[in-house]
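Input sequences plus hints: build the corresponding full structure.
Listed below are the residues making up each chain.
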Amino acid sequence: MPENKKNPLILESVTWRKTGDEAVILDLESSNYYSANETGTYVWEQFSAGKKPEKIAEHLAEEYGVAPAQALRDVQDFLKDLARFKIVRPEAAK
Amino acid sequence: MGAAEKKLSGRDKETQNLSSRARLDMAVLKARLAARRPGVPHSLFLGLTARCDLACRHCKYSGRPGGADMPRALLRRLLADAAAAGVPRVVFFGGEPLLYPGLEEAAAFASRLGLFTELDTNGQTLSPARARALAAAGLSCAMISLHAASAARHDALSGRGSFARAAAAIKAARAAGLITYISSCVFSASPAEELAGLLAYARRAGAHGARLLAYAPPAGRDPLPARLAGRLERLSPEGYARTCALPGGGCAATAGEVLYCGPGGEVHSCPYAGAALGSAVRRGIAAFMRPRPAAAPAVFPCQGGRSLLK
Numbered sequence: 001m002p003e004n005k006k007n008p009l010i011l012e013s014v015t016w017r018k019t020g021d022e023a024v025i026l027d028l029e030s031s032n033y034y035s036a037n038e039t040g041t042y043v044w045e046q047f048s049a050g051k052k053p054e055k056i057a058e059h060l061a062e063e064y065g066v067a068p069a070q071a072l073r074d075v076q077d078f079l080k081d082l083a084r085f086k087i088v089r090p091e092a093a094k
Numbered sequence: 095m096g097a098a099e100k101k102l103s104g105r106d107k108e109t110q111n112l113s114s115r116a117r118l119d120m121a122v123l124k125a126r127l128a129a130r131r132p133g134v135p136h137s138l139f140l141g142l143t144a145r146c147d148l149a150c151r152h153c154k155y156s157g158r159p160g161g162a163d164m165p166r167a168l169l170r171r172l173l174a175d176a177a178a179a180g181v182p183r184v185v186f187f188g189g190e191p192l193l194y195p196g197l198e199e200a201a202a203f204a205s206r207l208g209l210f211t212e213l214d215t216n217g218q219t220l221s222p223a224r225a226r227a228l229a230a231a232g233l234s235c236a237m238i239s240l241h242a243a244s245a246a247r248h249d250a251l252s253g254r255g256s257f258a259r260a261a262a263a264i265k266a267a268r269a270a271g272l273i274t275y276i277s278s279c280v281f282s283a284s285p286a287e288e289l290a291g292l293l294a295y296a297r298r299a300g301a302h303g304a305r306l307l308a309y310a311p312p313a314g315r316d317p318l319p320a321r322l323a324g325r326l327e328r329l330s331p332e333g334y335a336r337t338c339a340l341p342g343g344g345c346a347a348t349a350g351e352v353l354y355c356g357p358g359g360e361v362h363s364c365p366y367a368g369a370a371l372g373s374a375v376r377r378g379i380a381a382f383m384r385p386r387p388a389a390a391p392a393v394f395p396c397q398g399g400r401s402l403l404k
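From first to last, the protein sequence lines are chains A and B.
Following my numbering, the numbering of the first sequence begins with 1 at its first residue and continues without gaps.
Following my numbering, the numbering of the second sequence begins with 95 at its first residue and continues without gaps.
Bear in mind the hints are in silico, worked out from the structure with no lab data behind them.
We put the CB at the ideal spot given by N, CA and C, even for glycine.
Misleading hints may appear alongside valid ones.
Below, in silico cross-link-like pairs of lysine-lysine (PhoX-like), each with a Cα-Cα straight-line distance of 25 angstroms or less [stated by the list, open to error]: (1) LYS80(A) with LYS51(A); (2) LYS55(A) with LYS94(A); (3) LYS86(A) with LYS51(A); (4) LYS124(B) with LYS86(A); (5) LYS18(A) with LYS80(A); (6) LYS124(B) with LYS18(A).
Derived CB-CB ranges, DEER-like [as the list claims (entries may be wrong)]: (7) ARG84(A) with ALA269(B): 51 to 61 angstroms; (8) ALA246(B) with ARG84(A): 35 to 45 angstroms; (9) LYS80(A) with SER113(B): 38 to 48 angstroms; (10) PRO68(A) with ALA128(B): 28 to 38 angstroms; (11) PRO68(A) with PRO195(B): 39 to 49 angstroms; (12) ALA369(B) with GLU58(A): 51 to 61 angstroms; (13) SER30(A) with ALA128(B): 11 to 21 angstroms; (14) ARG321(B) with PRO8(A): 54 to 64 angstroms; (15) GLU29(A) with PRO165(B): 37 to 47 angstroms; (16) PRO387(B) with ALA69(A): 28 to 38 angstroms.
So this is what it looks like as structure tokens:
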């Protein structure tokens with residue numbers, strides 16, 4: 001079953017599902033779909049649950065042992081890409 | 095490598111007329127197909143039972159002794175092993191899989207494992223309520239046997255009234271939101287226009303695609319599979335209709351793209367391959383997954399040729 005979208009910054013036309021370590025994200029409007037790797041899936045799950053990028057980066061830094069500033073850049077880059085793909089609203093990456 | 099990484103998987107135009115859930119099922123399937131390791135088949139066919147409520151004249155399973163259904167513990171083990179190995183899709187097969195007790199539970203179990211689940215059925219008892227129950231359990235797709243576009247031709251093979259019941263099953267599967275294919279056996283003697291008529295019927299009935307199987311005589315080689323693949327390229331260049339023969343020679347079984355496990359755990363390179371490769375009960379299904387040599391054998395496993403899997 002599709003996962004819940006709690007974050008209003010995710011576009012209405014988007015649905016997604018996690019299988020194993022991977023999330024598959026589908027834009028029903030364009031029919032484009034994307035798969036995220038383990039860390040991308042972690043970020044996506046947290047973002048989808050409504051967490052702010054800063055909070056996600058904090059968890060990511062702890063979970064994967066990367067520097068907090070690097071973790072935040074990675075999260076923002078990921079969200080920028082998703083905004084470019086019209087999966088999330090542009091303000092999500094700010 | 096960044097901590098968060100994404101990749102574009104693709105664009106899926108062919109599913110635009112499906113429900114959101116079915117489209118997501120298809121996107122997940124395609125992402126998992128693309129991520130497969132060499133040697134991992136795209137589909138594992140599971141012969142849940144040898145019992146059937148039809149006795150089609152052409153069917154290789156017709157008249158075989160029923161035997162025992164697949165034990166549920168074995169089925170769960172096969173599904174779990176397939177998911178762990180990265181097999182994207184399982185096909186519930188028979189006999190007639192709708193006769194298998196616990197089919198809905200099996201669909202739910204497979205779906206929870208992230209497997210794309212298909213039902214290969216004659217459709218005779220696929221009522222609207224059963225189709226909805228299976229969809230709710232997690233079934234993604236129904237392939238319904240329909241061997242001709244006319245009731246007279248189909249019923250001559252599968253018995254009186256079977257065409258009407260199969261047609262009703264297509265409607266029920268569509269209404270339940272399942273991805274719906276017709277599955278059809280094609281014979282050497284079938285005129286080309288009959289195939290075109292069948293595909294036209296499938297489109298009118300709202301089927302999302304057609305999967306065609308060249309009928310293999312019990313012994314000896316037949317050029318039909320390769321001919322059928324060529325015909326489909328002309329009749330359905332956009333891929334609406336597909337078959338198991340590969341355009342470059344060989345078939346899905348010889349390429350190791352499919353595996354079949356019967357009710358007792360016997361493994362074959364496809365549901366129609368004569369020779370068994372071994373037992374999944376003793377060795378586990380993953381033992382039969384490995385990369386295949388590039389050369390395809392001249393004779394298909396369903397025509398008595400040996401599989402390259404051994």
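Each hint tested on the structure:
Straight-line distance between C-alpha atoms of LYS80(A) and LYS51(A) comes to about 16 angstroms, which keeps the hinted pair within the 25 angstroms bound. Proposed proximity of LYS55(A) and LYS94(A) is supported: the alpha carbons are some 14 angstroms apart, at most 25 angstroms. A threshold of 25 angstroms between alpha carbons decides the hint, and for LYS86(A) with LYS51(A) the separation of about 19 angstroms falls inside it, so the pair holds. Taken as a hint, the LYS124(B) and LYS86(A) pair is honoured in the structure, with Cα atoms around 20 angstroms apart against an allowance of 25 angstroms.
With a C-alpha separation of about 21 angstroms, the suggested pairing of LYS18(A) with LYS80(A) holds against the 25 angstroms cut-off. Only pairs whose Cα atoms come within 25 angstroms are accepted, and LYS124(B) paired with LYS18(A) is accepted, the gap being roughly 14 angstroms. Distance hint for ARG84(A) and ALA269(B): a CB-CB separation of about 38 angstroms, inconsistent with the stated range 51 to 61 angstroms. Taking the beta carbon of each, ALA246(B) and ARG84(A) are about 57 angstroms apart, not inside 35 to 45 angstroms as hinted.
Between LYS80(A) and SER113(B) the C-beta distance comes to about 31 angstroms, which lies outside the given range of 38 to 48 angstroms. Distance hint for PRO68(A) and ALA128(B): a CB-CB separation of about 33 angstroms, consistent with the stated range 28 to 38 angstroms. Between PRO68(A) and PRO195(B) the beta carbon distance is about 55 angstroms. The supplied range of 39 to 49 angstroms is therefore violated. For ALA369(B) paired with GLU58(A), a C-beta distance near 58 angstroms keeps the hint of 51 to 61 angstroms intact.
For the pair SER30(A) and ALA128(B), the beta carbons lie near 18 angstroms from each other, so the given range of 11 to 21 angstroms is met. In this structure the hint that ARG321(B) and PRO8(A) lie 54 to 64 angstroms apart at CB holds, the actual value being about 56 angstroms. At roughly 45 angstroms, the beta-carbon separation of GLU29(A) and PRO165(B) lies within the given 37 to 47 angstroms, and the hint holds. Checking the proposed 28 to 38 angstroms range against PRO387(B) and ALA69(A) shows it is violated: the Cβ atoms sit about 51 angstroms from each other.
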